[in-house]
Amino acid sequence: MNAHVLRTRIRAKVVEFKFERTKLKRVYRHHLMQEKQHTQTKNSIHRRHNGISALISKFNKLVDQMDSLRRGHKAPINTVSPQKLDVRKIFRLDVDDELWQEDPGLGDETCDELPRWLGDEKVRNGIVFMLERDRCLEEIKRLDAECLAMQSWLVDELQNLESAFSSPQSELFT
1 MNAHVLRTRI
11 RAKVVEFKFE
21 RTKLKRVYRH
31 HLMQEKQHTQ
41 TKNSIHRRHN
51 GISALISKFN
61 KLVDQMDSLR
71 RGHKAPINTV
81 SPQKLDVRKI
91 FRLDVDDELW
101 QEDPGLGDET
111 CDELPRWLGD
121 EKVRNGIVFM
131 LERDRCLEEI
141 KRLDAECLAM
151 QSWLVDELQN
161 LESAFSSPQS
171 ELFT
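In UniProt numbering, the protein residues as written are 1 to 174.
Everything labelled a hint here was simulated from the structure, so no lab data went into it.
These numbers were taken from a predicted model, which means no experiment stands behind them.
Keep in mind that the hints are not guaranteed to be accurate.
Taking lysine-lysine pairs in the BS3-like style, the calculated list, with each CA pair at most 25 Å apart, reads [stated by the list, open to error]:
no. : residue 1 : residue 2
1   : K42       : K23
2   : K84       : K74
3   : K74       : K58
4   : K25       : K36
Okay, the calculated beta carbon distance ranges per label pair [stated by the list, open to error]:
no. : residue 1 : residue 2 : range
5   : Q151      : K122      : 41 to 47 Å
6   : M66       : D97       : 42 to 48 Å
7   : I45       : E132      : 34 to 40 Å
8   : Q37       : V14       : 50 to 56 Å
The beta-carbon is built from N, C-alpha and C at its ideal position, and this holds for glycine as well.
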C-alpha cells in the first residue's frame, strides 16, 4: 500500500477517534451535570422537608396551647381547636388529607375584601407596566450619560485633529 494512502487513513481514523472521544466527553459531562442537578434537587427537597416539618411541629404546639387554654377555661366557650397535622401524612400529598380540608378551629378563610394588587387584573397589569416604565426611564438616563460621554470624546478628538492640522508638522501630511 502507498504510504500516502496509509497516512490519509490514519488521519481519518484519528479524526473519527477525536470526534468519538469528544462525544464521550460530552456524554460524561452531561451525566455529571445530571448527577449534580439530582444531588441539588435532593438537597433542596430535604431542606424543604425539614422546614415544613418544623412548621408543622410549631403548628401542633400552638394547637396544644389552644387545647390547654380551652381546658383551663381561659378561651371563649364556643371555640373549637384546630386539628393537629401528622407529618407522615402531609408528605404523601393526598388530596383528602386534613391539610387541604377546612378546619373549623381556624375560622372562616373567605375574605370579601382582597387587596387590589391581588384581586384586580388591571391593577396587576398596571404594576407590571409601571415597573417596565421605570426600567425605560433608567435606560434613558444611561443612554443620555453615554451620549454626553461620546459628545465630549468627539469634541476632544476634533480639537486634537484641528491642533494637528494647524501645527507646522501637518504640512508633511498634505
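Here is what the structure says about each hint:
| no. | hint | result |
| --- | --- | --- |
| 1 | K42 - K23 | violated (28 Å) |
| 2 | K84 - K74 | holds (20 Å) |
| 3 | K74 - K58 | holds (21 Å) |
| 4 | K25 - K36 | holds (16 Å) |
| 5 | Q151 - K122: 41 to 47 Å | holds (42 Å) |
| 6 | M66 - D97: 42 to 48 Å | violated (21 Å) |
| 7 | I45 - E132: 34 to 40 Å | holds (35 Å) |
| 8 | Q37 - V14: 50 to 56 Å | violated (34 Å) |
The structure is inconsistent with the numbered hints 1, 6 and 8, although it conforms to all the rest.
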